[in-house]
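Chain U is already provided as a structure; the job is to place chain E with the ligands on it using the hints.
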Amino acid sequence: MIVRTHELVKVYETGGETVHALDGVSIGVSQGQFVAIMGASGSGKSTFMNMIGCLDVPTSGSIEIAGRDVAGLSRDELAEVRNRQLGFVFQQFNLLKRTSATQNVALPLIYAGVSVSERRARAEAQLADVGLGDRLQNMPNQLSGGQQQRVAIARALVTRPSILLADEPTGALDSKTSVEVMKILQGLSEKGISIILVTHEDDIAAYAERRIDFRDGRVIADEPVRNRR
Amino acid sequence: MNTFDNIIIALTALRTNLMRSILTTLGIIIGVSAVILMVALGNGLQGLVINQVNSLGSNLIIVIPDSDGGRRSSQDGVLTERDADAIQREIPEVSAASPRLSKSVKVVAGNQNRSTQLAGADPDFVAVNNWDIVTGRNFTVAEARSGAKVALIGDTVREELFGDVDPVGLTFRANGTPLMVIGLLGAKGGGLGNDQDDLIVVPLTTARRRISGGLQTAGPPDAVQVIFVAFQEGSDMNRAKEDVENVLRSRYRIDEDELPSFSAFSMEEQLRSAESILGAFKIGLAGVAAISLVVGGIGIMNIMLVSVTERTREIGLRMAVGARTRDIRLQFLVEAIVLCVIGGLIGLAIGGGGALAMRNVLPDWPITIGAGTVALAIGVSAAVGLGFGLYPANRAAKLIPIDALRHE
Ligand SMILES: Nc1ncnc2c1ncn2[C@@H]1O[C@H](COP(=O)(O)OP(=O)(O)OP(=O)(O)O)[C@@H](O)[C@H]1O
Ligand SMILES: [Mg+2]
Chain U
114 MIVRTHELVK VYETGGETVH ALDGVSIGVS QGQFVAIMGA SGSGKSTFMN
164 MIGCLDVPTS GSIEIAGRDV AGLSRDELAE VRNRQLGFVF QQFNLLKRTS
214 ATQNVALPLI YAGVSVSERR ARAEAQLADV GLGDRLQNMP NQLSGGQQQR
264 VAIARALVTR PSILLADEPT GALDSKTSVE VMKILQGLSE KGISIILVTH
314 EDDIAAYAER RIDFRDGRVI ADEPVRNRR
Chain E
-17 MNTFDNIIIA LTALRTNLMR SILTTLGIII GVSAVILMVA LGNGLQGLVI
33 NQVNSLGSNL IIVIPDSDGG RRSSQDGVLT ERDADAIQRE IPEVSAASPR
83 LSKSVKVVAG NQNRSTQLAG ADPDFVAVNN WDIVTGRNFT VAEARSGAKV
133 ALIGDTVREE LFGDVDPVGL TFRANGTPLM VIGLLGAKGG GLGNDQDDLI
183 VVPLTTARRR ISGGLQTAGP PDAVQVIFVA FQEGSDMNRA KEDVENVLRS
233 RYRIDEDELP SFSAFSMEEQ LRSAESILGA FKIGLAGVAA ISLVVGGIGI
283 MNIMLVSVTE RTREIGLRMA VGARTRDIRL QFLVEAIVLC VIGGLIGLAI
333 GGGGALAMRN VLPDWPITIG AGTVALAIGV SAAVGLGFGL YPANRAAKLI
383 PIDALRHE
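Top to bottom, those sequences are chains U and E.
Throughout, the numbering used here is defined as the position within the first sequence, counted from one, plus 113.
Residue 196 in the numbering used here is what sits at position 214 of the second sequence, and the numbering runs on without skipping anything.
Isolated chain U, as found in the complex (with noise of 0.2 Å):
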């Protein structure tokens, strides 16, 4: 298993108003698994995918990445989780304003210690994978909403960690510009890489192979997608 967890409880106490976003999620995805996770608005989907992308930290259970248990290890070891195992796209997808593609797809080369040119190098073969060969030096502001959200997979895919975390990688996109995406997953998906998607539509969900269903902090669902695209 290269994620596994246990009982995971995550509660928020906001205003004297007690929510247990997550409630006891127990779920394993193997090595290569492509995973879409479902569920309606406010189920506790984001926040599972923070616990297990080291962003936060559970109020009670156990996460493992890659074998590890990542509940005792201070800020920093688990910055280093998120550098080396983890890599994240997001919903915004969060690239960093005047700075061009290169540069945002090797800022997670910077922390692992990479030298310039080798930082440089990695970024726009990385770039090119992603069928951005001819955008190295674009600023997010001159690219489209596809082009920035493959510009952040290949960010995440920098450091070649073994999973990808997806929080709603469609979300902001149409629905042609979501199906170049979700192909590049699959591609990815192939080629060994763990993926755990978030979704709120059934066509996207349809690229994975597994599906877990959502709803008030629990699993209530977990099986295979039948109709695979």
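According to the in silico footprint, chain U covers these stretches of chain E (three or more CB under 8 Å from chain U):
| no. | segment |
| --- | --- |
| 1 | 298 to 304 |
| 2 | 377 to 387 |
In silico EDC-like links for lysine to aspartate or glutamate, alpha-carbon gap of 16 Å or less:
| no. | chain 1 | residue 1 | chain 2 | residue 2 |
| --- | --- | --- | --- | --- |
| 3 | U | 296 | U | 242 |
| 4 | E | 380 | U | 190 |
| 5 | E | 380 | U | 189 |
| 6 | E | 380 | U | 169 |
| 7 | U | 289 | U | 316 |
| 8 | E | 380 | E | 309 |
| 9 | U | 296 | U | 322 |
| 10 | E | 223 | E | 251 |
| 11 | E | 88 | E | 180 |
| 12 | U | 289 | U | 314 |
| 13 | E | 223 | E | 72 |
| 14 | U | 210 | E | 292 |
Simulated from the structure, these hints should not be mistaken for laboratory data.
Since the structure is predicted, the reported quantities are computational estimates derived from the model, not experimental observations.
Cβ coordinates follow ideal geometry from the N, Cα and C atoms, glycine included.
For chain E with the ligands alone, coordinates are given in the frame of chain U:
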């Protein structure tokens, strides 16, 4: 992640908000210019005072009669040539005791004329006061005794009366008396409001007998206005001053517990007191400069806090892709330091330029901008950046990744 990467990131961030960056550094620019200007002027003033004192000779004791009339009696204090002789005779470390009379005279050569100071002195006067004779010669003991009509002239008098012509052997008149120039004194330069080179030196007897005007005041015929006492190199100047005072006390029968009718100063003492005043002055200036730097630093801290808030999502993203606490802290620290050092360099240019421009206004002040000053400007501004950047940088570094990423 290395410092070079951080400097690039910092410069990019600062360029993004260029106008704001410039305005932010204004405090540092003003603070550093103030520091540089103050230090340069303080050092210049100190150099000036030291030069002045050294031009007189630091082994010198100057004795003057108390003008308010010797507090022990109703009479004015008096010093005479005999007092000078006694000092010379009785204190072995004295290399020369040179009396001086002075008076302001009108000197005329051809159609040039000028008011200047006349010093009536003995041949030791030149050496005792650290004068050089650049051309010509000093007057002799025989000339001094006979009251020869000869004079040494200062550089200012030379320029006014004779221009570029070699004055030695030429004649001019002082209050009507013709005097022959036998030597030219080397220029000492001006100083705190007085021009040391604006003088002529003649033998005492000449000053007394041959030049009209009331040189003499009340008192014995050999009364003088000042006695310069030069001590041998390495003498203890505190002792020296006491020795001179004791000789005069015994000559005028002034007891230990009575106030003397004369005052003796050691130039070394003057130098030390001038230095302590200047030291306090410099600390005051440094204090003013430090306050402006603190104000500048608070401006930096303020803008860095704004910058951290504005870039919270960027910080979250950097953390998501693997930035550690120290990477984020360093990024913002370097940004604060780069901002301050740029301000410091601009301040250095302004303060240094200002200080050098002051040379035109104060030509005698030895004002210089050295490597030390440059290092001071850069060091101080980097330290301000470090000091005031630390809090915002720590604040950025301690953000929780998901909160930062979700920041609106
Ligand atoms: N930082 C927070 N503080 C308080 N409550 C929170 C916080 N983050 C999430 N929640 C709550 O936790 C629950 C789960 O939120 P989450 O963002 O995981 O939902 P989601 O499934 O991703 O929804 P969507 O499909 O709309 O993105 C919601 O009720 C939400 O209000
Ligand atoms: Mg969500």
